[in-house]
Amino acid sequence: MVEQNDNSHRGLREEAWRKELKKSIPARERTAIDRVKMTEEDAALRIKGHMEVNKGITAEMAMQEARRCLDCPDPQCIKGCPVGVDIPTFIKYIEAGAFASAVASIKESNVFPSICGRVCPQEIQCEANCIYAKKLNKEPVAIGYLERFVADYEYMASRVTPPETAPSNHTRIAIIGSGPAGLAAAGDLVKHGYEVTVFEALHEFGGVLRYGIPEFRLPKYIIDREIKNLQKMGVKFERNIIVGKTVTFSDLEDEGFRAFFVGSGAGLPNFMNIPGENLNGVLSSNEYLTRVNLMGADKPDHDTPVYFGKNVAVIGGGNTAMDSVRTAKRLGADRAMIIYRRSFDEMPARQEEIRHALEEGIEFLNLHNPVEYISNGNGHVSRIKVQRMMLSEPDASGRKKPVPVEDSEYFIDADLVIVSVGVSPNPLVPRSMPGLHVSPSGTILVNAGEMNSNIEGVFAGGDIVRGGATVILAMGDGRRAAQGIHEYLQKKAKSVE
Amino acid sequence: MNRVIAKEYLSPYVAQIIIHAPLIARKRQAGHFVIIKIGEKGERIPLTIAKADADKGTITLIVQKVGLTSHKVASLNAGDEIDVVGPLGNATHIEKVGTVLCAGGGVGIAPLLPIVEAMKKAGNKIISILAAKSKDLLILENEIRSHSDELIIMTDDGSFGQKGLITAGMEEILKAQKIDLCVTIGPTIMMKYASLLTKKYNVPTIASLNTIMVDGTGMCGACRVTVGGQVKFACVDGPEFNAHEVDFDELLMRLGGYKNEESQRYQKELEKTR
Chain F
1 MVEQNDNSHR GLREEAWRKE LKKSIPARER TAIDRVKMTE EDAALRIKGH
51 MEVNKGITAE MAMQEARRCL DCPDPQCIKG CPVGVDIPTF IKYIEAGAFA
101 SAVASIKESN VFPSICGRVC PQEIQCEANC IYAKKLNKEP VAIGYLERFV
151 ADYEYMASRV TPPETAPSNH TRIAIIGSGP AGLAAAGDLV KHGYEVTVFE
201 ALHEFGGVLR YGIPEFRLPK YIIDREIKNL QKMGVKFERN IIVGKTVTFS
251 DLEDEGFRAF FVGSGAGLPN FMNIPGENLN GVLSSNEYLT RVNLMGADKP
301 DHDTPVYFGK NVAVIGGGNT AMDSVRTAKR LGADRAMIIY RRSFDEMPAR
351 QEEIRHALEE GIEFLNLHNP VEYISNGNGH VSRIKVQRMM LSEPDASGRK
401 KPVPVEDSEY FIDADLVIVS VGVSPNPLVP RSMPGLHVSP SGTILVNAGE
451 MNSNIEGVFA GGDIVRGGAT VILAMGDGRR AAQGIHEYLQ KKAKSVE
Chain W
1 MNRVIAKEYL SPYVAQIIIH APLIARKRQA GHFVIIKIGE KGERIPLTIA
51 KADADKGTIT LIVQKVGLTS HKVASLNAGD EIDVVGPLGN ATHIEKVGTV
101 LCAGGGVGIA PLLPIVEAMK KAGNKIISIL AAKSKDLLIL ENEIRSHSDE
151 LIIMTDDGSF GQKGLITAGM EEILKAQKID LCVTIGPTIM MKYASLLTKK
201 YNVPTIASLN TIMVDGTGMC GACRVTVGGQ VKFACVDGPE FNAHEVDFDE
251 LLMRLGGYKN EESQRYQKEL EKTR
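If you read the protein sequences in the order shown, they are chains F and W.
In terms of this note's numbering, the first sequence has 33 at position 33, counting the first letter as 1, and numbering is strictly consecutive.
In terms of this note's numbering, the second sequence has 225 at position 225, counting the first letter as 1, and numbering is strictly consecutive.
In short, the hints are calculated from the structure, not lab data.
Hints are not guaranteed to be accurate.
[Unchecked claim] Just some of the chain F residues that point at chain W, by a computed CB distance under 7 Å: (1) E204; (2) G244; (3) T246; (4) P427.
[Said to hold, decoys possible] Quick list of the computed label-pair ranges, beta carbon to beta carbon: (5) E372/F to G256/W: 19 to 27 Å; (6) D334/F to G228/W: 36 to 44 Å; (7) K48/F to N77/W: 56 to 64 Å; (8) A396/F to P204/W: 29 to 37 Å; (9) P204/W to F344/F: 50 to 58 Å; (10) I274/F to G256/W: 20 to 28 Å; (11) F344/F to D53/W: 43 to 51 Å; (12) D53/W to A166/F: 53 to 61 Å; (13) N142/W to G49/F: 51 to 59 Å; (14) G123/W to R225/F: 53 to 61 Å; (15) V231/W to L45/F: 47 to 55 Å; (16) D407/F to G256/W: 34 to 42 Å; (17) P162/F to V231/W: 41 to 49 Å.
Just so you know, these numbers come straight off a predicted model, no measurement behind them.
For every residue, glycine included, the Cβ atom is placed at its ideal position computed from N, Cα and C.
In isolation and in its complexed conformation, chain W is listed as follows (with noise of 0.2 Å):
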């Protein structure tokens, strides 16, 4: 059992909770995650660990409250317990190669974000462009940026940067300079039409796939994915993945599989603490 050392909202849905877990802080690289479960009756789920302090014995992590066991994750408070079990998945392949163009969306830049640091240390020039609805949305600017050469702001309703959908913003990029490889990470809708974009201007592609995942270890098959026509796990293949490759239609439908089981437990989680 792992102990919650302090929980912060970075926007209203958003909250970030710091961990104690000394040995999976000890062993984490980018692009790892970690299956949490709350109390004897919990779910597990997977998360992305965005940061990890080896010598504080910290990881944190970074959840929006989209259905019943993130929402138990967001009301968690320093002291409460947790089960965390990890650093699961395969490590990002982090080398030189060039100019970065890392995209993240919603949620999906808390996972971004060790990646950014990761490639920005092996000295690669990074262009980080991040995308949320509106304003008050936007998490980790200040700390991507601090691993950034260059950083653009989308938002759907223009409240801040620029507005307009990731794929605007990438074009212009992607039209004016060559980018030597692309990692995208956010909602599956966001990260298909950021794929399909890189295609088209022949850059490498790498998507983070946050998919349904029950045991992490490979034992359950529920994260199964079709990449190059090929049934992948996202849990000991992945969870990153040749963007160009995977079946996003799929993923899609797949995501939605478990939606009225869940919004069913959600309501009623909700209505217990209204």
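For reference, chain F alone in the conformation it holds in the complex (with noise of 0.2 Å):
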């Protein structure tokens, strides 16, 4: 009844379907619910490998839960999503079994949902929002697992019909970077009817979704389909080519390209210059992850090497931290901690991933801070001189600063150390570009609505503008530049006519 293909959600709350289904279950029931439990891979197992720890939910467990949703009058989750998605309406289509549909509505407003689905930290975001958390009191409903299921269902049972793209208008947009940023901007300009070219440095592409999430968060055929897919709607992709190196702006555009996304992230992996830090045995998190997941440095039969370390230190409580000391644990660490300078209610990274740390054997060694890296004799870290912290009262702007206890150091066996504690821009695009306005630490200025920077034609988003963020951020800029560079490039059309 409700297997549709239109793209006009819109209004859908007044269906009769929809207002049907509301009332065949009473609100009470609904929220007598308990909340869905993904099923998860052993932490015994799954730290023998990488396979992926959540597994998923069957067809009757996404039912069930979307059944929990009260389908609210004034829904606050889709305010929390940073793309907008519809989530009444794609759970409602989850309910009525009509999962083509919620596929469908989610990718209105999120090209990836399977990406989403499992790295969006959505207890920040929806379903903080979600009324069960706010008013309830229980436990949210579990948006992100439905929009993992819908996904993978769509892929399970081979329905999965690329968006309609309008025909070619013989306009060449480059994106620069395969990231999330450049893969959702490239997915909504296909469907312009664009011409569009992926120019990646690397010889993969995904961007961090390649070489920074590790395999048992974000498993890469995942990130292969997506890319098939969207070849299928005729994005092309130019892998090795590092544009304003291998070629320069002013080549594109003399090959025809008219407008430019650079979605090139933040590549420069901060550190924390105190002493030892450039001893072998300390790197940084973009190293070490690169060379496991990009590189495949742990399998015997791959040429990169990699630090196999006993007693592996991770400093840092980001995701980042967390899929490098989990990645370590994975490669046969003894003991792998987080030395954190701030406690657990801080800790950024998402909670998911914390608890799975945790299920998995990982030490958390909160405030705590590394004052320096002490060698072996022979050039490589043996030791780490941690300093305890704790939390001073909340200063003007609410946040708790670390402040170092007196007389509180101590040393740590360690025989690799990965660096965490963020990244900044690639400076490799902004610095060919001569006269493209940056800010003192190097992100790319853009107009907050088009993306656009102050070179005509130029939009950017994703990390090379926000300096580090999320993953689903990143896709909103992207379809944001997206929806700029159409306007921008509308609006030329019309002058030169």
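Reconstruct the complex from the two isolated chains, following the hints.
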């Protein structure tokens, strides 16, 4: 009855099927249902390899979970979503068993639900705004699990029909970087009929989705199938091309590219500038994760080397720190620990990642900070001098600052230290565009609405603009930039006429 | 994917490969490097572009067999495929300064060649000094000679040119005439002593740090090096630095970083091909 493929989900709340569905179960019964539990790979087993931890939920589980959603008249969940997915609509389609319609409705605002359903921090976005969490003091509707379920269902049922694309308008657009921002922009632009080429500096596509996020959180086949899908829609992908180096912007203009989207990411890892940081065995999370995720360094038949640390310390409390420490565990560390200067409450990593890490036997040395790395005498790190920290009273900004506890230093054995304290924007692209306005920290300055830079026809988004954010915010930027590029090119075409 | 056009051995351990890479050939300047990767399971390594021919669309890389990947590069033959990305790094600052002393050791003579060529073209007087363990390990002698006003050759065993270390030959020149700039590329230990020497004579010196790089685009920070007390990334801030400010001892230590892991994999590969 509701399997439909049109693109007008607005006003769907008023449709008869949806009203009927809402009435079919009283709200009291809906709120009595417990939140679905994600099936997870056993911790003891999963640390032996890279298999995905979250195994997904069944159709029955998804439909049951969908029943919990009260289809609020003024849904707050949508406001928590950086790209404004019409969450109640897709959930009600799931409740009605119309999974294909559910995916179609998500894809109107989010082209990659199988990625976002896995890596979005729903607990601080859509799910944080859910009426269950806000008013009923209950666990929110599992929006992320449901998004992932329908996206995976679409593939499992081989029902993926690439979204309709307008006939080619023969206008070429260059996307620089194949990470989440670039892929999202490419997906939207190709739908408008543009000839889109994505240029990637590395030898594989996906950017941080490929080199950064480990297999156990986002399997590589998911990225592959999304890229294949974009190729089917007509997006061209060029690897091993560094725009600004291999080809310049003016080369691309000469080749007929009429607009550019720069999504080159936050490439440059930050270090803390403490003594001993340049010892061997002290590396950035970007280096460590790239060696394992992109280069396969943990596999004996791959050529890239990696340290198999026995006592591994990861400095930082973000998702990248969790990804690194959990990877080290999987590479055979006896002891894999997080060293973080604040406490669990302030930790920026996703709750789910912290829980998974704890289940996997990761140790957390919270309220600790490294002050020096000590050599084993041969230039390799063997110990870390750490300092205990405490949190001050909240300052004017309301943030508790970590301050060192006097005379609290002691030593921890570590033969591998992974520094995961943030990244700075990659300087390669901005350096190659004279006149481009950048911030003192090196991010490209753009107009927040259309994402256009000060150079005509050049748009930017994702971490090269934000400095270090999430996949979904990067995708949101890519989509806004796509809209900005579309409007810019239409205006330009009109002014020529 | 790029294709190998030709391969030849310049010495028993040093191979020269010519690769079809028209975009890179057109953009390349002296000092630029590329990242190469062989096969799906290959490693990414940096190699300086020794020569390029924009008309033919080719670049020339010169590699010494020291480990697993350089062994694989040297084993490539015409028609084989290879991933090449670049050109990367900052181009050498070329200007007319007067007399330039170009000191290259071992396989470091390969990245020195485009700098010698460009410095000569800019109107400088070029004194080149090349060093190798022995005569059969000396590479690119004729190419360097053709762009040099003077050429001195040093071998460790005295089998060719003068017997002795490169610094001995350098010191003779530094004593005899005014040198305005020195460029040195070679083994890190050689660059360290060459740099100490030119510091003594107050000659500004550039060293090219062919360090461990993974992505070559600034993403990973594996190639950090301390220059003038500051941590720099060789791939995006270099690869050339003021030699007098480089912490060569730290660099020597860092270069041994993955030695154990690497030699295990290299041994396996050698056993396979045996």
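Hint check results:
Among the interface hints, the one on E204/F is violated; its C-beta lies about 10 Å from the nearest C-beta in chain W, farther than the 7 Å criterion. With its C-beta approaching chain W no nearer than about 10 Å, G244/F sits outside the 7 Å limit, and its interface hint is violated. Residue-level restraint check for T246/F holds (minimum Cβ-Cβ distance to chain W is 5 Å; threshold 7 Å). Contact between P427/F and chain W, as hinted, is supported at the beta carbon level, the nearest pair being about 6 Å apart and thus within 7 Å.
As the Cβ distance of E372/F to G256/W is approximately 21 Å, the hint placing it in 19 to 27 Å holds. Between D334/F and G228/W, the C-beta spacing of about 40 Å keeps the proposed range 36 to 44 Å intact. Against the hinted window of 56 to 64 Å, the Cβ-Cβ separation of K48/F and N77/W comes to about 40 Å, which falls outside the hint. The beta-carbon spacing between A396/F and P204/W, approximately 49 Å, falls outside the hinted interval of 29 to 37 Å.
A hinted range of 50 to 58 Å holds for the C-beta pair P204/W and F344/F, which are about 53 Å apart. Roughly 22 Å separates the CB atoms of I274/F and G256/W, a value that falls within the hinted 20 to 28 Å. A beta carbon spacing of about 60 Å between F344/F and D53/W contradicts the range 43 to 51 Å that was offered as a hint. Checked against the hint of 53 to 61 Å, the pair D53/W and A166/F fails, with Cβ atoms roughly 43 Å apart.
At roughly 55 Å, the beta carbons of N142/W and G49/F sit within the given window of 51 to 59 Å. For G123/W and R225/F, the Cβ-Cβ distance of about 58 Å falls inside the hinted range of 53 to 61 Å, so the restraint holds. Under the hint 47 to 55 Å, the C-beta atoms of V231/W and L45/F, about 41 Å apart, miss the expected range. A beta carbon spacing of about 36 Å between D407/F and G256/W agrees with the range 34 to 42 Å that was offered as a hint.
Distance hint check: the CB atoms of P162/F and V231/W are about 46 Å apart, consistent with the given range 41 to 49 Å.
Hints 1, 2, 7, 8, 11, 12, 15, counting from the list given before, are not met by this structure.
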